[in-house]
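Participant: Here are the chains, one letter per residue:
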Amino acid sequence: MTLTTFVTKSAFRNKRRTVLTMMSIAFSLALLTVMMTIWRAFYIDNGSEQSTQRLITRHRVSLTFSLPIYYEQKIKTVPGVVEVVPTQWFGGKYIDDKPEHFFAQFATDPQELFKVYTDFKIPADQLEAWQHDRAGAVVDSELAKKFHWKVGDRITLMGTIWDANPELTIRGIYTAPQPTQSLYFDRKYFEESVPIMKDQSGTFGILADSAADVPKVAAAVDDMFHNSPQQTKTESEKAFGLDFVAMLGNVKAFILGICGAVVFATLLVAANTMAMSIRERTREVAVLKTLGFTRKAVLTLFVGEAVVVAILAGVAGIVLGTGLMYLASHNPQAGFFQGIGVNWATKILALFLAGIVGCLAALVPSYHASQVDIVEGLRYIG
Amino acid sequence: MAIPISYNIRNLKLRKGLTIMTALGIALTVTTVVFLMALLAGLKQAFVSSGDPLNVLVLRKGSTAELSGGFDANLFPTLKNLPGIAKDKNGEPMVSGEWVVVIVLPRRDGTGEVNVTVRGMMEDGLEMRQLPADKPKVNLVEGRWFRSGQREVVVSSSIHRRFANTNVGDTIQFGKGPWQVVGIFDAGGSAYESEVWGDVNQMASDFDRQGAFASAYLRATDAASANALKNAVSDDQRLKLDGMLETDYYAKQTSSGGPIKVVGYMVGFIMGIGSIFAAMNTMYAAVAYRSREIATLRVIGFSKPSILTSFVFESLVLSLLGAMVGIILMLPFNGMSTGTSNAVTFSEVVFALRMTPTVILYAFIFALVMGFFGGLAPAWHAARQNILTALRG
Chain A
0 MTLTTFVTKS AFRNKRRTVL TMMSIAFSLA LLTVMMTIWR AFYIDNGSEQ
50 STQRLITRHR VSLTFSLPIY YEQKIKTVPG VVEVVPTQWF GGKYIDDKPE
100 HFFAQFATDP QELFKVYTDF KIPADQLEAW QHDRAGAVVD SELAKKFHWK
150 VGDRITLMGT IWDANPELTI RGIYTAPQPT QSLYFDRKYF EESVPIMKDQ
200 SGTFGILADS AADVPKVAAA VDDMFHNSPQ QTKTESEKAF GLDFVAMLGN
250 VKAFILGICG AVVFATLLVA ANTMAMSIRE RTREVAVLKT LGFTRKAVLT
300 LFVGEAVVVA ILAGVAGIVL GTGLMYLASH NPQAGFFQGI GVNWATKILA
350 LFLAGIVGCL AALVPSYHAS QVDIVEGLRY IG
Chain B
0 MAIPISYNIR NLKLRKGLTI MTALGIALTV TTVVFLMALL AGLKQAFVSS
50 GDPLNVLVLR KGSTAELSGG FDANLFPTLK NLPGIAKDKN GEPMVSGEWV
100 VVIVLPRRDG TGEVNVTVRG MMEDGLEMRQ LPADKPKVNL VEGRWFRSGQ
150 REVVVSSSIH RRFANTNVGD TIQFGKGPWQ VVGIFDAGGS AYESEVWGDV
200 NQMASDFDRQ GAFASAYLRA TDAASANALK NAVSDDQRLK LDGMLETDYY
250 AKQTSSGGPI KVVGYMVGFI MGIGSIFAAM NTMYAAVAYR SREIATLRVI
300 GFSKPSILTS FVFESLVLSL LGAMVGIILM LPFNGMSTGT SNAVTFSEVV
350 FALRMTPTVI LYAFIFALVM GFFGGLAPAW HAARQNILTA LRG
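So the protein lines, in turn, are chains A and B.
Going by numbering that gives the first Met the number 0, the first sequence opens with residue 0, and the numbers climb by one from there.
Going by numbering that gives the first Met the number 0, the second sequence opens with residue 0, and the numbers climb by one from there.
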C-alpha cells in the first residue's frame, strides 16, 4: 500500500461523514466561486479590447444635467481622440414600469455610434436602413431575443423624464461582446419630441487612439471645459460603470465580508470533521508509531487526508458554482449577471483556498495526534 | 413517553468542542443572513418611514419621480386654491413648490464623490415637514433653518457625517457658486436623511429652471381630504398633473433594494444548505457515540417516535445556540449606516443596518429550519437502529 492510497482510504473510512463534510464544503465553495466571479467582473475585468479604448464624458455635477452638443466638435480636436458620439439617456417605459420590462434607451447619432462602439457588430444593410429612418432604432441582440423583436417591428416608448412617447421601428439588431440591454434611436427624432433638449446631450462616448491614451484624453477633455459654464467629468468606460456599482453601496465590503464568512465557516466544518475522525483513531496512531512512523510522518498523513477531502470538495463546489453562475447569467431577468462566467483563474484560486482550508483545519488535531504517547494511545478505548 | 429535555442538553454539554464548532458554523451562516436582512430592513425603513400620509405630492403626468418632473409655475395658484389644504402660520394654504437636483459631493473619508439629492423648497415646505407638532418628521439638531432668498442650506445629520465641508459655517459648491451650511437636521432614518435643503427660488435660478417646479407638496387637513386632494389633482384635465400620497411615492422606491435582496436570498440559501450538512455530520456523530445508550433507552421502553423527537430536538437546540451567537455577533453592526443609490433618483440613499424584531425572528426561523433538516436524518437513523446489534456494539 502506497502512502497515497493509505491517505485516500483513511479519508473515506467513514463514508457518510466524509461525504457530508464534502457536501458542506462544496456548497460553501460554490458560493465563494460565485462571489469571486462577481468581484472579478466588477473590479478586475476590463471588458473587450475596444472597450478599454473608450471614455465617457458627462456633466461634472451629475448625470441629470446635459452638455451642449457643440462639445462633440471640441472633443474631437483633443489629441488622441478618434471618434465622438453623443448619447442621451431617454429612460422611457416599455409596456409598463415593471422591472423586467426595463432596459436602457439612448438617443444618439446613427452616423457616429458604430464608429465609436467598434465592437458592436451590425449588418451593413441594417445600419444603412437605420441611418435613413429618423424614427428607426437599433437594439441589442439579447434584448431583441428577450422581447421577441424582429427587424421591422414597431414599438412605443413612454417617456418618464420628458413628456414624449417616441414610436420607433426596429431597423437593426446588433451584437455586442457583452450584452448591453440597450436600444439606440436617432437624436433628431428625440430633439423634435423634446424641444427643451435641442442641441443638448447627456453624455458623449469617445474612442481614443489606444488604451494607453485614455487617462491623457480624459484629463485633456476635462481641462478644455474647465472654465466653461458646463464642466465635464470624463472617465474610462470601466470607471463609469463602476460608479453605478458603487451606487449599490459598499459592494466591495459586502463581497469581502461574505467571502470571509464562507471561508471561516468552511474552516470550522473541516476542522470539526478532522477532530472527530482523528480522535477516533487515537489507537491507530499509536500503532503507526509503533511501526516506526515518526511524529512528522503522522502529522503529514493526517494533514494530507484533510487536504484530499477539501480539494475533492473544492472541485465539486467549483463545478456547482460554475453551474450556478451559468444559470444566473443565462436567466433573461438577470441583467445584473449578464455575460459573467467563471474563469480559470477564479477556479484555481478557489481550489487553492480549499486546500489551505483543509490544511489549516487539520493542523491542530493532527498535531495533537502526532504528540500521542504510544502506551497511552494503545490503551485508549474511545 | 417523551425523553426529558435535560438529557439532550447534557449531551450537548458533554461534547463541548463539537457543539461549539457546529454552533459557530451555524452562527456564521446566521450572521451573514442577518446582515443582509438588516440591510434590507434599514433600506425599507428609510423609504417607508419617509413621507407623511397627509402630504400630497404633485408631479407632471407620466413622470414617476421628482427628478424627472417639471411643470409650469403658472399652475401653482390653481393648486393652492384646491379645497382641503391646511393653513400655514400666515393663514395661507400650506403648499410648497419644489425642485430636486442631484449634485456630487466628496466623501469625508476621501473615497470619491457621490451623488446627493438637493431639494429646494418654500417656507411652507419646511413647516409641513415639521408636522405633526408633537412628533415632527424632522428636527433641527444644530444651527438654524435656511432663510428664503439666501444662499443657505441645511444638511441632514447623516450627510453631515459622511461628506466633507458639511459642518455648520462651511460652504459647499454647487450650481453657480458657494452655499453656506447654516444647520443640520435629523430626519429619523427617513429618505430625507439623504438630502440637502435650500430655498427653491435660489436653487431654480442656479440651475436655470425659473418659471417651473419639479414637484409641489400640498398639506391636507386630514386623511380624507388628502385622498380627495390627490384625486382632485389627478382628475383635473387642464392641469395635466398627477397627485399621490407622499407615503405611496416612497413605498414604491423600496425596489432599490432589489439586487441586495437577490444576493441575500442566494447567499442565505447556499450557506444554509452547507450548514445543514455540517449539522447533519455533528448529529450523526452524536448518534454514533451514543448508539448503545439509545438502544438502552429503547429497552427501557422509550418508543421510536420519542427517540426521533429527542434527537431532532437536540439538533434544534444546537441551531438555536448558533442563531443566538450569530445574532450577538451582528449586534455591534446594528445602526451602522451605509449608502446605496436610489434607482429612481440616481442619488445616494443613506440608511442604517436595522436588526428589527422581524429580522431576529427570521434569523431564528432560518436557524431552526437548518437544525430541523440537519437533525432529521440522523434522528431517523437513531430511532431505527437494531436494538440488539447496538447493545452489543
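Honestly, the hints are just simulated from the structure, not real lab data.
Every residue gets a Cβ at the ideal spot worked out from N, C-alpha and C, and that includes glycine.
Check before you lean on any hint, since a few could be wrong.
[Stated by the list, open to error] Facing chain A, from chain B, some residues (calculated, C-beta under 10 Å):
#1 Thr30
#2 Leu125
#3 Gln129
#4 Ile269
#5 Pro304
#6 Leu307
#7 Thr308
[As the list claims (entries may be wrong)] Lysine-lysine pairs mimicking DSS-like chemistry, simulated, CA-CA at most 27 Å apart:
#8 A:Lys251 with B:Lys15
#9 A:Lys14 with A:Lys114
#10 B:Lys86 with A:Lys97
#11 A:Lys237 with A:Lys215
#12 A:Lys73 with B:Lys175
#13 A:Lys237 with A:Lys75
#14 A:Lys197 with B:Lys43
#15 B:Lys86 with B:Lys239
#16 A:Lys75 with A:Lys251
#17 B:Lys43 with A:Lys14
#18 A:Lys92 with A:Lys215
#19 A:Lys92 with B:Lys79
#20 A:Lys145 with B:Lys260
#21 A:Lys92 with B:Lys60
#22 A:Lys97 with B:Lys303
#23 A:Lys8 with A:Lys288
#24 A:Lys8 with A:Lys295
#25 A:Lys92 with B:Lys43
#26 B:Lys15 with A:Lys197
#27 B:Lys260 with A:Lys251
#28 B:Lys303 with A:Lys92
#29 A:Lys75 with A:Lys215
#30 A:Lys14 with A:Lys92
#31 B:Lys175 with A:Lys97
#32 A:Lys75 with A:Lys120
#33 B:Lys251 with A:Lys187
#34 B:Lys15 with A:Lys97
#35 A:Lys237 with B:Lys60
#36 A:Lys145 with B:Lys175
#37 B:Lys43 with B:Lys260
#38 B:Lys251 with A:Lys197
#39 B:Lys260 with A:Lys97
#40 A:Lys73 with A:Lys14
Participant: The structure should be examined with respect to each hint, and the outcome stated for every one.
Facilitator: Here's how the hints hold up against the structure:
Interface restraint check for B:Thr30: the shortest CB-CB distance to chain A comes to about 6 Å, inside 10 Å, so the restraint holds. Against a cut-off of 10 Å between C-beta atoms, the interface hint on B:Leu125 is violated, since the closest Cβ of chain A lies about 24 Å away. Interface hint at B:Gln129: violated, since its Cβ lies 28 Å from the closest Cβ of chain A, which is beyond the 10 Å cut-off. The restraint placing B:Ile269 at the interface with chain A holds, with a minimum CB-CB distance near 4 Å, inside the 10 Å limit.
Of the supplied interface hints, the one on B:Pro304 is violated, with its beta-carbon coming no nearer than about 23 Å to a beta-carbon of chain A, more than 10 Å. A cut of 10 Å between beta carbons decides the hint on B:Leu307: the least distance to chain A is about 18 Å, and the hint is violated. Because the closest C-beta pair between B:Thr308 and chain A is about 22 Å apart, greater than 10 Å, the hint is violated. Between the alpha carbons of A:Lys251 and B:Lys15 the distance comes to roughly 36 Å, so the proposed pair goes past 27 Å and is violated.
The straight-line distance between the Cα atoms of A:Lys14 and A:Lys114 is roughly 61 Å, outside the 27 Å bound, and the hint therefore fails. Note on B:Lys86 and A:Lys97: the hinted pairing is violated, with a Cα-Cα distance of about 38 Å set against a maximum of 27 Å. A distance of roughly 16 Å separates the Cα atoms of A:Lys237 and A:Lys215; the hinted pair therefore holds under the 27 Å criterion. Annotation: proposed proximity of A:Lys73 to B:Lys175 holds, straight-line Cα distance about 23 Å (limit 27 Å).
Among the hinted pairs, A:Lys237 with A:Lys75 is consistent with the structure: their alpha-carbon atoms are about 21 Å apart, no more than 27 Å. The hinted pair formed by A:Lys197 and B:Lys43 fails the criterion: a straight-line CA distance of about 39 Å is larger than 27 Å. For the hint pairing B:Lys86 with B:Lys239, the CA-to-CA distance comes to about 25 Å; that is within 27 Å, so the pair holds. Pair hint A:Lys75 plus A:Lys251 does not hold up; C-alpha atoms about 36 Å apart against a cutoff of 27 Å.
Note on B:Lys43 and A:Lys14: the hinted pairing is violated, with a Cα-Cα distance of about 46 Å set against a maximum of 27 Å. Of the supplied pair hints, the one linking A:Lys92 and A:Lys215 is violated, its CA atoms being roughly 38 Å apart against a limit of 27 Å. Restraint check for A:Lys92 and B:Lys79: the C-alpha separation of about 31 Å exceeds 27 Å, so the hint is violated. Between the alpha carbons of A:Lys145 and B:Lys260 the distance comes to roughly 23 Å, so the proposed pair stays at or under 27 Å and holds.
Taking the CA atoms of A:Lys92 and B:Lys60, the gap is about 14 Å. The hint holds against a cut of 27 Å. Note on A:Lys97 and B:Lys303: the hinted pairing is violated, with a Cα-Cα distance of about 53 Å set against a maximum of 27 Å. Our distance criterion of 27 Å between C-alpha atoms is met by A:Lys8 and A:Lys288, whose separation comes to about 18 Å. About 20 Å separates the Cα atoms of A:Lys8 and A:Lys295, which keeps this hinted pair within 27 Å; it holds.
Between A:Lys92 and B:Lys43 the CA atoms are separated by roughly 24 Å; this keeps the pair inside 27 Å, and the hint holds. With a CA separation close to 74 Å, the supplied pair B:Lys15 and A:Lys197 exceeds the 27 Å bound. For the given pair, B:Lys260 sits about 17 Å from A:Lys251 by alpha-carbon distance, which is consistent with the 27 Å threshold. Between B:Lys303 and A:Lys92 the CA atoms are separated by roughly 61 Å; this puts the pair beyond 27 Å, and the hint is violated.
A threshold of 27 Å between alpha carbons decides the hint, and for A:Lys75 with A:Lys215 the separation of about 14 Å falls inside it, so the pair holds. Restraint check: the Cα-Cα separation between A:Lys14 and A:Lys92 comes to about 56 Å, which exceeds 27 Å; the hinted pair is violated. Only pairs whose Cα atoms come within 27 Å are accepted, and B:Lys175 paired with A:Lys97 is rejected, the gap being roughly 38 Å. Restraint check for A:Lys75 and A:Lys120: the C-alpha separation of about 23 Å stays at or below 27 Å, so the hint holds.
Using a Cα cut-off of 27 Å, the hinted pair B:Lys251 and A:Lys187 is violated, with the two alpha carbons roughly 33 Å apart. Among the hinted pairs, B:Lys15 with A:Lys97 is inconsistent with the structure: their alpha-carbon atoms are about 52 Å apart, more than 27 Å. Straight-line distance between C-alpha atoms of A:Lys237 and B:Lys60 comes to about 36 Å, which puts the hinted pair past the 27 Å bound. For the proposed pair A:Lys145 and B:Lys175, the alpha carbon gap of about 45 Å is over 27 Å, so the pair is violated.
For the hint linking B:Lys43 to B:Lys260, the alpha-carbon distance of about 11 Å falls within 27 Å, and the restraint holds. Simply put, B:Lys251 and A:Lys197 have alpha-carbon atoms about 32 Å apart, too far for the 27 Å limit, and the pair is violated. Distance check on the hinted pair: B:Lys260 and A:Lys97 sit about 17 Å apart at the alpha-carbon level, within 27 Å; holds. Distance restraint check for A:Lys73 and A:Lys14: the Cα-Cα separation of roughly 72 Å exceeds the 27 Å cut-off, and the hinted pair is therefore not satisfied.
Hints 2, 3, 5, 6, 7, 8, 9, 10, 14, 16, 17, 18, 19, 22, 26, 28, 30, 31, 33, 34, 35, 36, 38, 40 from the list above are not met by this structure, while the remaining hints are.
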